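Protein chains: 2
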Amino acid sequence: MIETIRELAKKTDEKILMVVLDGIGGLPMDIDGDTELASAKTPNMDALAALSQLGQTELVAPGITPGSGPGHLGLFGYDPLKFLVGRGALSAVGIGVKLNAGDVAVRGNFATLGGDRIVMDRRAGRPSDEKNAEVVAQLKEVIKEIDGIPVEIYTESEHRFVVVFRSLGTPLGANLSDVDPQETGVQPMTAVAHDEASQTTAQLVNSFVTQAEAALKGDGQVNGVLFRGYSDVPHFPSFDDIYKLRAACIASYPMYKGLASLVGMDVLEVAGEEDALSGKVETLKKNWGEYDFFYFHIKKTDSTGEDGDFAAKVKKIELFDALLPELLALEPDVLCIVGDHSTPSKLATHSWHPVPLLIRSKYGRKDLAQRYTEDEALKGSLGLRRGIDIMPLLMANALKLQKYGA
Amino acid sequence: MIETIRELAKKTDEKILMVVLDGIGGLPMDIDGDTELASAKTPNMDALAALSQLGQTELVAPGITPGSGPGHLGLFGYDPLKFLVGRGALSAVGIGVKLNAGDVAVRGNFATLGGDRIVMDRRAGRPSDEKNAEVVAQLKEVIKEIDGIPVEIYTESEHRFVVVFRSLGTPLGANLSDVDPQETGVQPMTAVAHDEASQTTAQLVNSFVTQAEAALKGDGQVNGVLFRGYSDVPHFPSFDDIYKLRAACIASYPMYKGLASLVGMDVLEVAGEEDALSGKVETLKKNWGEYDFFYFHIKKTDSTGEDGDFAAKVKKIELFDALLPELLALEPDVLCIVGDHSTPSKLATHSWHPVPLLIRSKYGRKDLAQRYTEDEALKGSLGLRRGIDIMPLLMANALKLQKYGA
Chain E
21 MIETIRELAK KTDEKILMVV LDGIGGLPMD IDGDTELASA KTPNMDALAA LSQLGQTELV
81 APGITPGSGP GHLGLFGYDP LKFLVGRGAL SAVGIGVKLN AGDVAVRGNF ATLGGDRIVM
141 DRRAGRPSDE KNAEVVAQLK EVIKEIDGIP VEIYTESEHR FVVVFRSLGT PLGANLSDVD
201 PQETGVQPMT AVAHDEASQT TAQLVNSFVT QAEAALKGDG QVNGVLFRGY SDVPHFPSFD
261 DIYKLRAACI ASYPMYKGLA SLVGMDVLEV AGEEDALSGK VETLKKNWGE YDFFYFHIKK
321 TDSTGEDGDF AAKVKKIELF DALLPELLAL EPDVLCIVGD HSTPSKLATH SWHPVPLLIR
381 SKYGRKDLAQ RYTEDEALKG SLGLRRGIDI MPLLMANALK LQKYGA
Chain W
21 MIETIRELAK KTDEKILMVV LDGIGGLPMD IDGDTELASA KTPNMDALAA LSQLGQTELV
81 APGITPGSGP GHLGLFGYDP LKFLVGRGAL SAVGIGVKLN AGDVAVRGNF ATLGGDRIVM
141 DRRAGRPSDE KNAEVVAQLK EVIKEIDGIP VEIYTESEHR FVVVFRSLGT PLGANLSDVD
201 PQETGVQPMT AVAHDEASQT TAQLVNSFVT QAEAALKGDG QVNGVLFRGY SDVPHFPSFD
261 DIYKLRAACI ASYPMYKGLA SLVGMDVLEV AGEEDALSGK VETLKKNWGE YDFFYFHIKK
321 TDSTGEDGDF AAKVKKIELF DALLPELLAL EPDVLCIVGD HSTPSKLATH SWHPVPLLIR
381 SKYGRKDLAQ RYTEDEALKG SLGLRRGIDI MPLLMANALK LQKYGA
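Protein chains in written order, with the working numbering: chain E, 21 to 426; chain W, 21 to 426.
Calculated directly from the structure, the hints in this document are not laboratory data. Note that the structure is a prediction, hence the values are computed from the model and not measured. Certain hints may be false.
Same chains, same label: a pair holds when it works inside one copy or across any pair of copies.
[Unchecked claim] PhoX-like mimics (lysine-lysine), calculated; alpha carbons at most 20 Å apart, straight line:
#, residue 1, residue 2
1, Lys-386, Lys-399
2, Lys-366, Lys-102
3, Lys-264, Lys-35
4, Lys-386, Lys-264
5, Lys-151, Lys-399
6, Lys-386, Lys-61
7, Lys-237, Lys-151
8, Lys-423, Lys-366
Take the sequences, apply the hints, and build the full model.
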């Protein structure tokens, strides 16, 4: 399909704004209750929804819970079952680290280990970014290379960091098992190579874990490391190539910037802390004339869902609603509001549930949906779409796709 | 997709109960009338539907009328356009006959032939199982081998029997045309091989027809045989392998047991005649602790539809509704009610119409559908799903699928 879109796409002046409310889909806490979106007071989104087309999207496939990478790839039109990218590579690119062929990037979590190396907290109590940077500095002192292979360690945010193992000619494999057991009450796992090329990488990872625990053993909270998501360097056809779009990313968390960068978007500077809402809006306004496509990412709708904090997620939705008029004032030709997956507070993690999808353009049909909520989306005219169907719909609404066939 | 599910599936304690109401989808006799489901008084299903998610499913593809084999394969998550299994193989496995590579199993119907071999009744007036066994015994006396190839004949039920041609080294092909003309008023057809490997099989089949008619010519009702569904021995990845589910089949008709067995389910004993409703419930209760997945099959909703008996189908639906509380009392974590295809009484045969789909779990969204009927299913939140999407949705609702990608 991406090949067909590439052939049909044409450059026009129309501008597309894709707002991704991370993890926006939710669940009622009780079956007859309201979801986070339905509970939120969203006068601006309500007014917009009445003039828009609504529907739902499943980013990867029915029943499949998308990770952030596959969820976003779906949104950007790259079939996440075909285009695979490891979280390590995403994170590395997101913090501006250039990866070369043969290198392996690994996503790490700082963790709290108890007696006998039992994992007590897989996120080490979510340390501050400052604390994270301190611990990374401490590790960089001790681990500069392992078995002659250069090792780079980068701070990401909170409990997250990235390790890059630099190939010295022989490509390092990225096909090995996780250290992160994905549950507490058990020990970290030993990484095991799944192929010949990943033997060395497994040794590097296991040695890193041992050395890091030794270096951090004085710390009561941040005293272990967990790895999952090893990745070699992925190659994607670019946004410009496929869609003929000059595209920009406005996000504040590294992984999302990394992903946007992998598909060829310019990653714009955003001023401010954490989700930096007003900084993002400023960046959007300032760069509005320069691009045809903006990917505008809001993170905290997901983080609050992952914390299982229903009220906080509702609040984050309302905060987005409050800044919506500033986005509308820019008069995008096509505006899309969507998420990369659901993160119901009830589950406190990503889920498989479809995400509401809103598209506003001059070329929409009348639609019964009156709010951007899961319930109302069912009444929408867009139906239930796969993630990869969204970009063609946005391109079409921007009159950027030529007729297929004569 | 099945490969992705295999990678994501994990073993948990949650239990899934999939109730298959065979041929459940229907049609109104007049366009403004009610379907069988809508006409039935189903207080228990109604109460359940109000707390469940509804939708519809097409088991194979839009417009395609599923046979029971493909319909069930879809329900079990095996793409029926890719995983092919002949009805003969299903029936053979269902009655406990072990097939070896190279053998061919053939599904037969006893028929009533009139003068000049014209087919008067393709089911020979649906003889009793006892009569069926007598006729099979009679045929076994005369047909033990044909051209040196061993021939086994098995009774199934009513008008159905199974023939197995045993390979003597050279594999027998199963690519040949039917003997069953699928209509009355014409002669049985001569089987024609579609490839070299099936030449011998075609000769065996045609010779069997001739010999059987000679042996049965004294019987006014059961005096002919019709064949369709030739099959060699299929291989499937197992339910346990893909889904990590210890799965059990509770069904009373051979074909369904055979299919369940092919995908690796344990086929449990059911006491009782025909649909054996109370026997099935007893078996379910007795084995509830032993399995993670139950396939619970109800046949008579289809048989009555095939007879074109609207009122009888309504009655069978109401009989199922009456035993639903016993299923609910077991508190399955995920309950699914679905069919393997529609069998509208108006058509008196399988049809292409979507089948209502109901899923109840703790993780559903509110939904406007209030009954398990074709009309109400349109208001549901699940939308219109392919058959093979159902298992991933059930697995997700049972929290048995890990996140896809980081």
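Hint check:
no., hint, result
1, Lys-386 to Lys-399, "both (11 Å within a copy, 13 Å between copies)"
2, Lys-366 to Lys-102, "neither (31 Å within a copy, 38 Å between copies)"
3, Lys-264 to Lys-35, "within (12 Å within a copy, 47 Å between copies)"
4, Lys-386 to Lys-264, "neither (29 Å within a copy, 41 Å between copies)"
5, Lys-151 to Lys-399, "neither (47 Å within a copy, 51 Å between copies)"
6, Lys-386 to Lys-61, "between (24 Å within a copy, 19 Å between copies)"
7, Lys-237 to Lys-151, "within (15 Å within a copy, 81 Å between copies)"
8, Lys-423 to Lys-366, "between (44 Å within a copy, 16 Å between copies)"
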